[in-house]
Structures are given as structure tokens and as C-alpha cells.
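S.K.: Using the hints, position chain B against chain A.
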Amino acid sequence: MTTSIVLAILVTSLATYSSRFLGVVSSEKIKETSKIFRWFNCLAYSTLAALIARIVIFPSGVLSETDYVIRIIVLTVSILVFYVTKRNLVYPTVFSAIILSLLSGYLG
Amino acid sequence: MINSKYFFQGFSCIKRMDSPAIALGCCFIAIGALLKNLGFSIQESIFSTLLTYALPGSLVMAESLLVGASLINIFLAVWLVNTRLYPMTVSLMPLLMHESQPRWKYYLSCHFIAVSAWLIMKSNYQSVEKENRIDYWIGIGTATWSVAIIGTIIGFISSEYLNKDIMIGLAIVNPVYFMCMMIGAMKTIQISISVILGAILGPAFYFISPEWCILYGGFVAGTIAYFIGEKK
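Residue numbers (the working numbering), protein chains in the order written: chain A, 10 to 117; chain B, 8 to 239.
Keep in mind that the hints are not guaranteed to be accurate.
Straight-line C-alpha distance at most 30 Å; calculated DSSO-like pairs for lysine-lysine [what the hints assert, rightly or not]:
id	chain 1	residue 1	chain 2	residue 2
1	B	239	B	129
2	B	194	B	239
3	A	40	B	171
4	B	194	B	129
5	B	22	A	38
6	B	12	B	22
7	B	137	A	44
8	A	44	B	112
9	B	22	B	137
10	B	112	B	137
11	A	95	B	194
12	A	95	B	129
13	B	137	A	40
Just so you know, these hints were derived from the structure itself, not from any lab.
The shape of chain A in the complex, shown without the other chains:
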């Protein structure tokens, strides 16, 4: 193993674990019925939604090679598939991968 890659992996895991670790430390003092727990619950869901929306609208990596209109259409149709199939998670995910691969091959 080359050292720089190993160091990069270690630095990445340290940066990731630190947030989890601090979360457990804080959790020791927080009751699940408290107001601060409910606030953190909101923050967790909103931050996740922000992250996912950012990945779709301003992606990095290969996704950025597709048009954002196409990505939003694929996401919207997948959510419709999710509802139509009575909240099945397999159909929308498989659907989205196939459709976007085909569209990207066809339009690109």
C-alpha cells in the first residue's frame, strides 16, 4: 500500500468517526422526550434532505455529466413509482438506474 493513500483513508475515517463519537458523547445527556432531542431530530432530517437535494441538483463526479433537468425528471418519476407501487423501494431504485443509464447513453 502506498502511504499517501493509506494516510488519506485514515484521515477520512477520523474525520467521519469524530462526528459520530461526539454524537454519542452528547447523547449521554439528552433524554428522548426532551425538546433538544426533537430539535436534533428535525436537524438530522433537514440536513439529510439538503445533502440529497444537493447531490441531485449540484452533483460532483459522473452525475454532473447529465443534464440537471433529466436528473430532476428521473427523481420525480421515481418518487411517483414509489407511490404507485405502494411504497416499494426496489422498483423506483432499479427504475431510476436503468432509465438514467439509457438516457445518458442515448443523449450523450
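M.R.: Below, chain B alone, put in the same frame as chain A:
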């Protein structure tokens, strides 16, 4: 030490209808292929998924290595994108804590906190008594972690056969799966407003600061949702 009944009950979440296995598998196949193209060996790729186990963090690391960023820059970039794990941990661990359980279980199993395992635990915790929730959680975490590692290996091995169009298809699975899971979790007014506002404000803050937009957008959206929900 760990109650195997609850551990396997949690572990079997990957066999269910809302199984994260497909979505997680696809993402980590993409990661495995990406790491191979970056020059990682198979050991390094496995090591990376094993130790980090948070997809956006691994992606940021890969991109930073690609542009030759310093270790400090990698740390900051990863830390920024993974700070979301802090509110996720604080909104999960109090549900699992019980005085009969040893503390090390919490400090070790917090490594499993990533979107997929977290969403599954959040929607199922009420079906398990508080005393046994941590063992159930360790089961879920072990299952999703294993899928991630297997996905990385498959991606690494099959990277030659994955062309750009397939990689694009794999990359969209992650946001689609998580968006559907989040919509499924929108059962209270607070969570619904958090998800909708977060999805709007996250990208909106991108115009102010691309690095901080997730944290700014998430913080503002979550706080507004909290106050609206408390007033009702």
C-alpha cells in the same frame, strides 16, 4: 454480551421489502470502481469502506485525491460533508440507551451510523423494547456494513465492465433511494417540514457557499421546522 435473537432480527432487515441492500450495493459498487480507477489496491479499497462507511465522505476523499489535495484539506472537506452524522447520532442514540447495557456498545456501534441504517432504525425502533434496541441496531449495522464491503469488492473487480453510462445509472440510485425513504418517514409535521425545507434550502444555500450549504441549509430548515412543529 450481544443478544443474538435481537442481533439477527436486526440483521434480517436486508431481506425485507424496504431493504437497503440494492441501493447500498449499487453505491458501493460505484465506489469500488472509482477507487480502482484512482489507483487504489483492493486491500486499500476494502480498508476505506471498512473504516469510513459513509458514502459522501468516500466520494469527497476520492475527488480530493484526484486533484492532489493535502491531508488537512481532505480532513476538512470530509469533516464538512460528514458533520451531518452528528445530529443523526444525537437523534438516534438516546432512543437506544439503557442503563443495563455497557457503554462500549454505543461507542463502537456509532460507526454504523450512515443514512441507510439510520433510516431503518428510525422507522423500526418502536417494535423493539428499549433494553434490546442496541443489539437490534448492531444487527442492522453489521448487515449494511457487510453489503457495503461486498459492493466495494464487486465494484473493484468489475470496474472494467462498467462504462460511463452504467456508472451514471449507479450514481442516481443513492439519492432516489434516500429520497423515497425520507418521504416514507414523513409522518409528523416536524419531519415533513424538515425534509421539504431542507431539500429546498440546501441547494439554495449553494449559491452562497458550496462547501457549507448542507450545514447552513439543514440548520435553518430544521430549526424552522422545529418551531413550527412545537407551536402546533
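S.K.: For each hint, tell me whether it holds in the structure or not.
M.R.: Tested hints:
1. B:239 x B:129: Satisfied, since the Cα-Cα distance of roughly 23 Å is no more than 30 Å.
2. B:194 x B:239: holds (15 Å)
3. A:40 x B:171: With Cα atoms ~48 Å apart, residue 40 of chain A and residue 171 of chain B exceed 30 Å; violated.
4. B:194 x B:129: holds (12 Å)
5. B:22 x A:38: Distance of about 35 Å is beyond 30 Å: violated.
6. B:12 x B:22: holds (16 Å)
7. B:137 x A:44: holds (20 Å)
8. A:44 x B:112: holds (26 Å)
9. B:22 x B:137: Holds - the C-alpha atoms of residue 137 of chain B and residue 22 of chain B are around 23 Å apart, at most 30 Å.
10. B:112 x B:137: holds (14 Å)
11. A:95 x B:194: Holds, at about 16 Å.
12. A:95 x B:129: holds (20 Å)
13. B:137 x A:40: It holds: about 13 Å lies between the C-alpha atoms, which stays within 30 Å.
Of the numbered hints stated above, those contradicted by the structure are hints 3, 5, listed in ascending order.
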